[in-house]
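S.K.: The primary structure of each chain is shown beneath.
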Amino acid sequence: MAATVTAFDPSADLIYLVAELSGPLGAQKYRFVLDTACAETLITPESVDKLGYSARHGDSITAVTTALDREPGYRLRVSRFEALGYAVTDFRVHVHDLPEESGIDGLIGLNFLRAFNYEIRSKEGRILVSRA
Amino acid sequence: MTWAEIKAAYPDQWVVIGDLEMDPETSEFRSGVVLGAGKTRREPEEQAGPLNGETRARFWTGQMRSPWRLP
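Same order as they appear, the protein sequences are chains A and B. With our numbering, letter number 5 in the first sequence gets 5, and the count goes up by one each step, no holes. With our numbering, letter number 68 in the second sequence gets 68, and the count goes up by one each step, no holes.
These aren't lab readings, by the way, just hints derived from the structure by calculation. Bear in mind that the values here come from a model prediction, so they are computed numbers and not experimental data. Among the hints, a few may not be true.
Reference listing, derived: stretches of chain A covered by chain B, where coverage requires no fewer than 3 residues with Cβ under 8 Å from a Cβ of chain B [claimed, not checked]:
(1) 17-24
(2) 28-34
(3) 116-129
Some chain B residues well away from chain A (every beta-carbon gap over 12 Å; in silico) [as the list claims (entries may be wrong)]:
(4) Met1
(5) Val33
(6) Val34
(7) Glu54
Some chain A residues close to chain B (C-beta under 8 Å, calculated; not the full set) [said to hold, decoys possible]:
(8) Thr6
(9) Ala7
(10) Asp13
(11) Leu14
(12) Glu46
(13) Ser54
(14) Arg75
We treat Cβ as the ideally placed atom computed from N, Cα and C, and that holds for glycine.
When you get a sec, could you build the whole thing from the sequences and use the hints?
M.R.: Okay, structure coming up:
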């Protein structure tokens, strides 16, 4: 099966990608970081609020422990999540705040990536993805 | 406006963009219409108003950095 190819800036400190989320009110694209050290995909509260979700749509309370603190959040299923040329439906995300100055709205974690085979070509700035 | 034009007009801000044109190969933003801009994620969203079924984008025009930086 042919792989999709997504380009990224190989000179950047992280792998920044555009992903699209859909909800009851529509769809919006946000900047994410590809993070293979993140078990579950994370997104900011402002991003899901815009799509018509809120904490009351969540199915459990969660917390992320950082170097500085333990921050509360919640787990939510969004109707559609698209990244790296593939879309998944009824997709579970963790809703947690991220610093405004980071300039990103989420982290693409392994709960998305494990549905695929992927190859990160860091020097070339390309990610090859195919269905597992 | 192109991404370069948006970055120049709204430096270090969150912008909500409509009428999107994306690059089909890289999935990166090419051009669109700025519907709101501000220093927080919520400011441009309030200016842009409800989605009403359309697809928009919200991006930061400044330098992006890891959210997990150590102090």
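S.K.: It remains to establish, for every hint, whether it holds in the given structure.
M.R.: Evaluation of the provided hints:
{"no.": "1", "hint": "17-24", "in the structure": "holds (count 3)"}
{"no.": "2", "hint": "28-34", "in the structure": "holds (count 5)"}
{"no.": "3", "hint": "116-129", "in the structure": "violated (count 0)"}
{"no.": "4", "hint": "Met1", "in the structure": "holds, 16 Å"}
{"no.": "5", "hint": "Val33", "in the structure": "holds, 14 Å"}
{"no.": "6", "hint": "Val34", "in the structure": "holds, 14 Å"}
{"no.": "7", "hint": "Glu54", "in the structure": "violated, 6 Å"}
{"no.": "8", "hint": "Thr6", "in the structure": "holds, 6 Å"}
{"no.": "9", "hint": "Ala7", "in the structure": "holds, 4 Å"}
{"no.": "10", "hint": "Asp13", "in the structure": "holds, 6 Å"}
{"no.": "11", "hint": "Leu14", "in the structure": "holds, 6 Å"}
{"no.": "12", "hint": "Glu46", "in the structure": "holds, 4 Å"}
{"no.": "13", "hint": "Ser54", "in the structure": "violated, 14 Å"}
{"no.": "14", "hint": "Arg75", "in the structure": "violated, 19 Å"}
Checked against the numbered hints given earlier, this structure breaks hints 3, 7, 13, 14; the rest are met.
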